[in-house]
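Model the full assembly from the supplied sequences, consistent with the hints where possible.
Chains as they are written, first to last, in the numbering used here: chain U, -17 to 220; chain W, 2 to 162; chain B, 322 to 1059; chain D, 3 to 621.
Simulated from the structure, these hints should not be mistaken for laboratory data.
Take these hints with a grain of salt, some might be off.
Claimed, not checked - So the derived list for chain W, only partly shown, Cβ under 7 Å to chain U, looks like this:
#: 1; residue: Pro52
#: 2; residue: Leu53
#: 3; residue: Ser54
#: 4; residue: Ala58
#: 5; residue: Thr61
#: 6; residue: Phe62
#: 7; residue: Phe66
Predicted model only: the values in this text are computed from it and were never measured.
Using N, Cα and C, we set each Cβ at its ideal position, and we do this for glycine too.
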Amino acid sequence: MIHLTIDDKSIEATAGRTLLEACRENGIQIPTLCYHPALEPYGACRLCVVEIYKEEQSSRLVAACAYPCEEGLNVKTNSKAVQRNRRVVAELLLASGYDTPEIVALASEFGVKEARYKMPQADSCIICGLCVRACKEIVGISAISLINRGINKKVSPPFEETSPTCIGCGTCVLICPTGYIKLRDVFGSHSIYRYSSDYDRAQCRICSDLNMSSKFNQLIEGVTSDAASYGISGDQNG
Amino acid sequence: MQKIISEINEIVQDEALGKGSIIPYFEEIQGRFRYLPPEALILVCEHLNIPLSQAYAVATFYHAFSLRPKGKHCMNICMGTACHVRGSPQLLDRLETKLGVKAGSTTRDKLFTLETVNCLGACALGPIVVIDGEYSGQMTPQKSDALLRRIMRSEEKEQRG
Amino acid sequence: MLHPMEYQAIRMGNGMEDDTSPRIGVIICNCGQEIAGLLDTEDLRQLTADIRGVVYTNCEAYPCSKDGQARIRQAIEDHGLERVLIAGCAPRLVEKLFRETVESAGIRGNYLEVVDIREGCVYVHPNDTKAAFQQAADIIEIGVARLGTITLPHEYCAEIVRKALVIGSGLSGLTTAIALADEGIRVTLVEQDSRLGGKTFPLQSGAAELITQQVKKIKTHPNVHIMLNSHVTSVSGQPGNYTVSACQGNNTSALNVGAVIVASGAEPQKLNGYDWYDRSRVRTHLEFDAELDDASKTEHGLVQSDVVMVLDGGEINGGRGSPLNSNSTIRQAIRVKQLSPDANVTLLFRDLYLGVQGGPGEDGFMYAQELGIMFFRYYKGRPPVIHDSTIEMHDRQTGEITRIPFDRVVFSLPIMPREGTDSLAGLLHLPQDEQGFLIEPRFPLRPDDASADGVYVSGSVHLPVDTAETLFQAYITSARTKHFLAQETICKNSPVAGIDPGLCTGCGACAQVCPTQAIQMIKRDGLLSLSEVDELRCIGCGNCLVVCPVKAIALPGWSDQTILAQISAALETTRYQNSFNGVSENKPRIVALTCEWSAYSAAEIAGARRESKFPDVKIIRMNCSARLDPDHILWAFLNGADGVFVGICNPGECHYRTGNLYARERVKRLKNQLADHGVDPRRLHLEFMSGDDYKKFIGTVTRFANQLSVEQTSLKSEELVHPGGWNGKTIRNRSMGA
Amino acid sequence: MANIISPVELDPFEIIQEAFKGPDHPSITICGGTGCRVLGSEKLSEAFREEFDRQNIQATLDFDIKTTGCHGFCEQGPLVVIRPSGIMYAHVAAKDVPEIVERTIIGGKIIDRLLYMDPQSGEKIEHEQDVPFYQFQQRVILDLNGLIDPQKIEEYIAEGGYTALQTVLSTMPPEQVIDEIKASGLRGRGGAGFPTGYKWELCKNQPGDVKYIICNADEGDPGAYMDRSIMEGNPHRVLEGMIIGAYAIGAQTGYVYIRNEYPLAVKHLREAIAQAESNGFLGRNILKSGFDFSVGIKLGSGAFVCGEETALIASIEGRVGEPRPRPPFPAEKGLWGKPTNINNVKSWASVPIIITRGADWFANIGTGTSTGTMIFSLVGNINNTGLVEVPMGISLRDLIYNIGGGIPNGKEFKAAQIGGPSGGCIPAEHLDVHIDYESLSALGAIMGSGGLVVADEDVCMVDFARYFMTFTQEESCGKCVPCRVGTKAMLSTLERICNGEGKPGDVEYLIELGEEIKRASLCGLGQTAPNPVLSTIRYFRQEYEAHIIDETCPSKVCKGLITYSVIPENCTGCMVCLRDCPENAISGEKQKPHQIDVNLCTRCGMCKSVCKFDAIMVT
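So this is what it looks like as structure tokens:
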């Protein structure tokens, strides 16, 4: 067991816990955005910063979601410095997502109404990486990734075309905090023929096999209609 | 195309690059073709059995990799501090206007690719321009014009015969 | 005689009472204040505690936190829990996490159930504690009912034979074979011709050279065994371990391989059906190329002055073109222009495939236009008509007929899969498209049971492609094969159908509807044959269970017993009627049978988006709508549902290929039957939707609910005997004054 | 673990040293650093070879030709130094070669016109050691750069190379090595200045047998190139340092992560590794001590952020170079999850020196807390651009005026940017600051990896800050919000100010933003990115205000705030500017004063740069 002080409460935590976990275990609320219990800590949104004091060192801000509990650590989860910092981060989030209700709401939670700097074009994706990590760690498919660098970073399937591996499970959609990501963005064809045509070829959007092309469809119709008759138990015995 | 694909395959088969990391393969391919063809990304991933999305992320993250084919002649202008204070911005302006493209892109005739680089470490001789791997120091807009003219002339010669 | 359904129902009932019933633990997540803020989780816990079979209940602040998980493990040990239900957030977010948790405590992952009282409940009723509570209670009850009845799928493993069979020795076949052989995999190459090299399309530069190189290389390769003049006659066994018999002349040899690569290629169609044309003026693509060769040798060059090329990618008989013949035709047209610049060259096409953007194909097209080659487009249903000296074209823009004079018509005919492809498709259970091109089978299910069955398709037998693309595909195929063969064994513990030989009547209905041809009929003594499931190929959609007239098929986790239990649990209200003063009667009771890939995920997302205006439906999650048995719906009605909502994938999006189509058909028929028996068919509603289309889900469900509640006022109850002859049980009929 | 090696076993080692002619052997050394190569030093050495063959010098005079690493004095390149006398010729061209051979090498006379002239005193200086640029330096790490041929391991050995390794392997247990490094007070030269010895100990004490060490040569700071010239000029010393470190830490594998913009350095390093292996300094059972160690090269792919430890590791593992939160530190969970120790090139290169010369000797250089020497690359508005190695604690004034030779064209010193885009600027009033970790950070700058950019009075500090911000903003990996959006916000604010669209309150906004970005960012890049802006605001706030309030750029740099115009009385109507103006904004005819169309003018400064009569005025 590790002993530390959070908001002047002395707290015990098992080794290997992060500050965030320790806080939640003890009912101390910390705002998070890019954190999800089912995923590895990422430490990108910086909303969960807390101020830590180590002996003979000046205090500093660390991301609670990733910082492990340390013996004798003194943590302030809501100090002036923390509040100031969260405000600025929230304002920066607002700078790009000023037209997204979710982000506006989030920002106002920290008392930010207006962003002093606005990005040229608004974008509701905040690069929290939840969808990408969920697709990798939960689904195990890695159909999407964060591409480009810096301010141009964005979520996208390879080649910014529809994804060849997406299974359309919708986990990314479910986990997205701002409702930015839509299934159709990642849905794609598995086929390794890369030729486009002016045909409206009905193609299975999940497995992409051409089994859904009109003719095949009719075939299936035939099968189903015969087969379905078995489905109604009533039909057999009378 | 056919050639490129079989060449890529050779690179992919090269055990020496291995150890599961895609970057050495990309460097090799980039070095060979001066860009990463989509086929290359796909083949490398299939070979190493890693998700294509990861490869694409890597290819777009590092500036050393380019997904678009580069021009015949690559112009790198050093934007390091020393070169900056010695007027590399003017130099860049000049070349951009001359070639009619912004830094990081290729001319329509696929002849030149104009790029900037952060410090080549030849600070004493800035501004530096590297054309097809050949350094030329203490550049001025005037000198750069001359350089361009020289290349154009040699190009014309080639076309004639 | 007892109806099987009813038999199930009784078994279910007993199952819950006897003391051998499994020990279920329920953990309710407060999610900090997210859930506990609205619900009194403690009340919920007490309520849950006296559900039959539940021996342990607990409320956790954050079960997903490391400490929370530790406590769950502890509880499993202390109370000897056998199955665990966690009521928290959306399963698809935390299922994997908790699966690992319980497995580390010695419970098989299939015995974990995560039910969603956050997205599915709290977020839906943000300010209606009572409704939320009822919803949550129901959700948990449904979950417990499921846990009480599920059985374990049994783990299946098979050794992988590190050998490969390559069918076809064209460019892709050769390349794949060599690539695999270089990896140290023993390869058998089967070619139906008497020589290697296949039918690689001649009109492309470098093709011939490449082939000869490859042939030379493969002939001396130690790891390659070549069989000429031979073809595959039968394929048996399962992925990773196929037994293929190839017949060479009149002696047949049996091969044992882990993977099969089909590269049998394609070739241009013969000029069949066009024979009545004046063959002195009509040529095929290849014939004309020979003519051009001669012409280029002679000094007077090409004699024809009006050349019309008809690019027929098979569209004329409703097929699909390919980049290969589009491009080669354009190249040929260019060649004509180069030979005699003042000749009029016209190219009639239905569809041009120019290949990858900015590729050589597009450049060629540009160049052709610069040369003044005319491109005319004809449309489906109005193919060009060839007269003696003119071709009649219908111009869509002007709507009038244009006649193009010619002294040479060149048909570039569709490139079709080589003969024998169909039989291969049959042997390997490979789907084909209209023109008979093969389709690589792929079932993107949950990642852990995505099925790779060691059959790969490469090269022009997919779709005619040029040499570059062929090489590319060949390399990809070889890489995939390599990785498939590299794994020692191929294992599967996801639910697959199992047949009870004692009950099977051998009617073959299941084999007919299996989307993956995983069921075969095998002989057995006596008259009746017996159906057998290939466990590695089965994707567990449950279609066969529905069609089996005697219910002889079991699918662990998705048995009738389980689903019926969930339905009953959903509709049973008595328990919290006394804890709360009853459910408001005017609210219709709706059961939603949802495919987890479409409606279920849509519902979750609706919650996640905090879409609160969303009626109270009892959502039951199904693996695939193929599993949806009309009897389930009837059971719901029998248990007092006012309406049943069925939410399934859009056509073409079913993870199991066609489950949704079957479901649609079944619901359609059931509606008729209900009508016949005087039950208002509008009480059963089916909706297609995609996995993230939460707006549609809300919309349709709400409309359905309103319709029901409106009509509820005019209730007249009358006895109705279920067609299946359930002794005694009746559906309370609610006619909607229709 | 290290079994003592008997002298007998060392023979081959000594043989090399015997066989090889020492440093006093007559030789002519030509600088082969990238700088001088650009100026044609390769041609030069060719010319010398031909000349030597022609006159058969090698035989008669037994004179060697050496292409060495960078001498540091790039401004004067190509440099040629004749040893042992030490005569230094600057700006040597191929055509001078015959004369040099004829008169200096054979005749022993000095060619006056090729000598270096001190810009201050104006007198010619004959010998390298007397050149002020070198005089005030203390070349410890760079000492051999001008002497040996980096492509010949024998030369390094002849200069006492690899003796440190030999001592360590034969006489010192790992703990003792670490103690020695601790005692030397060596601190990480990568910029942060974490004590190297303790870092090693941390890594050594981690459980597990598999450990890695990494040499961070991803020198991304614009205007800093000392790592490169060490690896170009003396790669073996870096290797030796790494081997010793690996022995002390208990690592079996090491990597050098080096920018692929440094082809020459990579080449030399590859050769060095091969030579070291063939001579038994690398590979299995090094010097028969039973210790195995191998070094691989990983090329950086053009991402500044990969200089950050965790990003660098990610990059080596083949992932996107994004940093991850620390702890866990690489020493605990590094490359492929194994304990890993990362040090900068200069740190590794210092190790052999500490071992041979002793920790005390090393500790005596510099100040109490910052020991040893530091290499700076002097660039910007300074006479002697180049690499200088000075003891820690030297005053900025000495560095700039004595070694750097002051500011060109008699301009005034305005500020020095220390530590590149992560560092801060130091204004004239602090010229006498002693350069050590503490004093610098007190002034809002950092030691950084040693880039030192000098700005004269003509540099606009707002523009200066904007430049560095542009760099960091481009190089931000984009993972964490403060760095991704914050740097962008700061940059566009600065751009507004430079374009004359600044608003009151901008400065305060910049300060607030900067402070929070520093505190909140995930990695070193973000935590230091605002430094240039904050420090320029701290010392030159009035300039910012001038831009915002009076809408003028005091240094006449910011395009948005200046106009170019012709001074009629100076203009001779020579048409030069007219021809050179890229926008054709200048009109006028021969012999008549020209006019500049303000609307067309893009303020590129071309006209001013080409005008011989100083007739272009900026207001």
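Against the structure, the hints:
no.: 1; hint: Pro52; result: holds (4 Å)
no.: 2; hint: Leu53; result: holds (4 Å)
no.: 3; hint: Ser54; result: holds (4 Å)
no.: 4; hint: Ala58; result: holds (4 Å)
no.: 5; hint: Thr61; result: holds (4 Å)
no.: 6; hint: Phe62; result: holds (5 Å)
no.: 7; hint: Phe66; result: violated (11 Å)
Of the numbered hints given earlier, the model fails hint 7 alone.
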